[in-house]
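Novice: Letter by letter, the chains look like this.
Protein chains: 2
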Amino acid sequence: MTTKTGKPLDQKSLDAILKRRLFYTPAFEVYNGVAGLYDYGPPGCTLQANITDTWRKHFVLEEDMLEVDCTMLTPAEVLKTSGHVDKFADWMCKDPKSGDIFRADHLVEEVLEARLTGNKKARGEEVVVDEAKEAKKKRKTKDTGAIKLEDAVVKEYEETLARIDNYDGAELGQLITKFEIKNPVTGGDVLPPVAFNLMFQTSIGPSSNLAGYLRPETAQGQFLTFQKLLEFNQQAMPFASACIGKSFRNEISPRQGLLRVREFLMAEIEHYVDPEGGKKHPRFSEVRHVKLGLLDRKVQLSGSTQLTYMTMGEAVDASIVDSETLGYFVVRIYLFLVRIGADPQKIRFRQHMANEMAHYAADCWDAELLTSYGWIECVGCADRSAYDLSVHAKKTGAPLCVRETRKEPLKIEEWALDLDKKKFGPTFKKDSKAVEAALEALTQDVREKLSLDLANTGKAEIQVTGLASGDSTVEIGKDLISIEKRTRVEHVREYTPNVIEPAFGIGRILYSVIEHVYWSREGAEARGVLSFPPPVAPTKVLLVPLSTHPDFKPLVQRLGHKLRQLEISNRVDDSSASIGKRYSRNDELGTPLGVTVDFQSVKDHTFTLRDRDTTKQVRADEQTICKAIESLVKGQKTWADIQHELPEFTQQDVD
Amino acid sequence: MTTKTGKPLDQKSLDAILKRRLFYTPAFEVYNGVAGLYDYGPPGCTLQANITDTWRKHFVLEEDMLEVDCTMLTPAEVLKTSGHVDKFADWMCKDPKSGDIFRADHLVEEVLEARLTGNKKARGEEVVVDEAKEAKKKRKTKDTGAIKLEDAVVKEYEETLARIDNYDGAELGQLITKFEIKNPVTGGDVLPPVAFNLMFQTSIGPSSNLAGYLRPETAQGQFLTFQKLLEFNQQAMPFASACIGKSFRNEISPRQGLLRVREFLMAEIEHYVDPEGGKKHPRFSEVRHVKLGLLDRKVQLSGSTQLTYMTMGEAVDASIVDSETLGYFVVRIYLFLVRIGADPQKIRFRQHMANEMAHYAADCWDAELLTSYGWIECVGCADRSAYDLSVHAKKTGAPLCVRETRKEPLKIEEWALDLDKKKFGPTFKKDSKAVEAALEALTQDVREKLSLDLANTGKAEIQVTGLASGDSTVEIGKDLISIEKRTRVEHVREYTPNVIEPAFGIGRILYSVIEHVYWSREGAEARGVLSFPPPVAPTKVLLVPLSTHPDFKPLVQRLGHKLRQLEISNRVDDSSASIGKRYSRNDELGTPLGVTVDFQSVKDHTFTLRDRDTTKQVRADEQTICKAIESLVKGQKTWADIQHELPEFTQQDVD
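Top to bottom, those sequences are chains F and R.
When the count follows the working numbering, it moves up by one through the first sequence with no breaks and lands on 655 for the last residue.
When the count follows the working numbering, it moves up by one through the second sequence with no breaks and lands on 655 for the last residue.
It is possible that part of the hints are untrue.
As the list makes no split between identical chains, a pair holds if one copy fits it or if it spans any two.
Below, computed lysine to any residue pairings styled on SDA-like, alpha-carbon distance capped at 20 Å [stated by the list, open to error]:
#1 K478 to L454
#2 K581 to T615
#3 K87 to P206
#4 K246 to I506
#5 K280 to S247
#6 K97 to P206
#7 K246 to P75
Treat the hints as calculated values from the structure; they're not laboratory data.
This structure is a prediction, so every number in the text was calculated from the model and none was measured.
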């Protein structure tokens, strides 16, 4: 990973800044902390709020989505239906002696990597230690010493590691046996992997008999409001719901800072679309020209990770992306990420492999951001088909579907069946109901065949289950039933919408964007800068009086008040540090603008405005400066515009 | 409860609107729902976001508070220290036969109320049924029939009901026995009340040995970040942290809609202040003139609920409110509530009775809003003293305190103790350590006395616990110790800050404000209006084309786009309903402004702007209309201002 200056990203320094300036810190540190839980301090909290605020404008406001706020507490039955109770699990191994618990894939990975390192040492090859990765581990991997491995073994280990995300529990168990993988700390045996459900369980109400979970995603709550929202939307399709809120996953071994945590903020959209007509999108023309780096399924199957740059129009036309609607959202996601500061060169869209997707999914593309941990999945954009609405409807009987009046009534020719029910009792006795049900369930093809039998032989034989006699067929005469072709007219079309789901992990996006905007300024000592776009930056303006001279104070207060009225967040740094030092401290916080109050300001009420990225300054009167700030913060103008409009100021030495 | 027109509030109609327009609805309804869990639909969700956004501007931005986002998952140890594991409970009774569970105070209340109703019937008195209250009950209270009660019994029941919130478990148990209270459904006996902890429990991590809870308040997370925030604030006091987030309480019997729920949004401030110097506040002068309706402790003790209207300056001067800082926040809370639409006539501040407050609290005032359920506690404003920081510091050893350099070093005269430690071993052998510890722990008074003993007798007797011999005293000669008066100079002052905590229940505020702004417009049929202040209203502008004529569409789209650019939310209603009907529908949603696009608009690009509350209209060109909308939505101008500036429009009949 390199920063925008082309220099390698110094992750250690960045981590130090993030911790020191309270972007986020481990939660409950005074109680020795809990893995996978983080608190956001003031700049991180505001950054998070600005990102979600931009998200709301970019998606909800722009597209008239129906935002909802559903509960996190979720009854078990809902998550049983959705499949989470049975399938939302990772594989874990326990060392019965020490009590240590490992995530099975992480264990295999750790042990094989250590052996490969030992092999390199034994062969006298250079060993590159990823310090950042090591530093984040809760415990160091035990040095297994320099042991040479056979070439074939090295190859096998490497191939296993490359596919480590794709093994199921049984396969991981086989690998553990085959490679004789032990507890890396104690050398003890580990038990075979067992599934560990990742949901936090609790019980709701005083009687303890209503099991509940903390939601693992906001999606299920949204699906259950579908019917109400459709009605709210006056039955108009397509439409989307959206939800911003915390979700929870009880990770076995949280790691990589904000990238794998137990409580996290999500922003999810459920866009409901008619599955007929190719899932077109009315605004697709607005995005079809946008060029993206795609990593499709075929390329991955060929073993390559080479990006293909093409426009979304080309991708949909070539059926690389499944539909216009899916493609539309992929581009909208891309534009959002760029808007909040992600580096376009470090964004790719990776298509899920067939075995990665849920069986019901039609297509899925992840927006991945390049970080010092590699490419990180930050947004998923899946076509979940009609799966979720269907399973909840089936379970509860609720009509989670769309009923629309057909423009042209649909005429359906079909084989209709008439029964003389009065005669059923005397004829079939106890079996009457079973025979009736079997008849009603007959398919069109079978009905057609039976109508011929009735015409030809006067009777028909049908399969019936559950007969009192134990037989599996009964014979029915034409005195009891008749079958004939009729035309039925259907005025209403009923269908279950498909769901396109863009799902954003805000914490992962926040961390990745921080890496993208971080760089070091050259100078006597390297100084970190976080170049957030102004609309996203936690604080917009730093107010700096030249010194503690009392004349400056009223001017600073007045400016602060004016900016607050414009709803522009600002902070005063009136410490005794040099102006350069004070600006430097705020470059670390990503504050894009600085205003200096000096003796000239006292005389003529003019102020200098400083740009964080270029460190250039302009000078103008209060009103002009405030207006410039407003246009920069709202993203209406760039610093280049301002520099063009206002006279440069070079007298002060602020570096 | 009356609305602003002086008519009684029709709670049934209001509830119907809130449900039909999806402000909020019971969660998981397709799964038959879970008591105490609600989803916010689009207007409720936006209303909630606008209220928290206003909160952030009013408190966080205005006062430079340090906003944090702490986790909801909380390890049990933290909540053990804070007292929640032991004390955060309600009393519940179980009917062992039926399995029914009751909140003990609710059970007593329900049964006694039913008996009083029966008595009235028996005496032929009028029985007023609170329909709204009855409608919200999960089950109807069984009609116990018309049974006359003795006058003394009626009085006793009424006195018990008046004090129902103040009984503990044992007292409730006594009442149940004394009044022979049974399960009102089955008539079965109930077991004595037991404490039921209101926190949702779960376990964190795969090993199930780290117990955790969902936080019952955001406060504890904030206290644990105190040290980091103090450092972030460059050690400057006073300062405040703030947190907006969900909290959870496993209510035994949730009821009254949003007023008693199991998952709810809170916004809390922890303002840290030096306990010395009377807890002054630098901005108190800005609020001292504000007049409020107070219900102080003394008035309540006298059995009255009469409000005293006085300025906050008077209240603090008369020591009715404990400190300037507490008083400052009480007024700020009041101003916030009014800003988001609460009716000043329906806001009171009630002081907690001594037995209502936690033992450590110095003072506490609740902001209560009058609703059809009575006065509802919506904001608590407590002085929690140094309690929380102290208990966490004691438990963990973390220095949760402020260390500040004294302006004048403090000189302390004290009795200093010097030991000749080398001689301790030979003299006291195994007891050396115990004797040393006992000496170090001596108080100043004892030291003074012992110094005299040493001077007079050459030896001193001290109390020591844990001596090998089992004795409790030892004698020490002046060859081993000396005690003399010395002056110590302390340059640093160390203290634990006190915490003033304004804590807002956003859901309760949201519901109460809805009741305050609701009224019915006179007309052929009563039509509900929600008169939210424009900055809080879910949607700001309704765009209404006169008809479906194609000429209107581009104008409507253009207006919508312009308003979106100004970040003003708007919706189009181009249905075929009459303009009056369309406006009426949006009055229910509280949309403050409407713009009509008519044939005149097509000709000259002028539009009419309609005010929800007066239904008056003005007409002007696009730019002027947009500007007027912007100033109204930002709260910079009122409709009266706009009506003064722009020509009235009366031609269209929109009613």
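Novice: Next, verify each hint and record whether it holds.
Specialist: Hints, verified against the model:
no.: 1; hint: K478 to L454; verdict: within (6 Å within a copy, 125 Å between copies)
no.: 2; hint: K581 to T615; verdict: within (13 Å within a copy, 57 Å between copies)
no.: 3; hint: K87 to P206; verdict: between (28 Å within a copy, 16 Å between copies)
no.: 4; hint: K246 to I506; verdict: both (10 Å within a copy, 17 Å between copies)
no.: 5; hint: K280 to S247; verdict: neither (31 Å within a copy, 41 Å between copies)
no.: 6; hint: K97 to P206; verdict: between (38 Å within a copy, 16 Å between copies)
no.: 7; hint: K246 to P75; verdict: both (17 Å within a copy, 18 Å between copies)
The structure does not agree with numbered hint 5 stated previously, though it agrees with all others.
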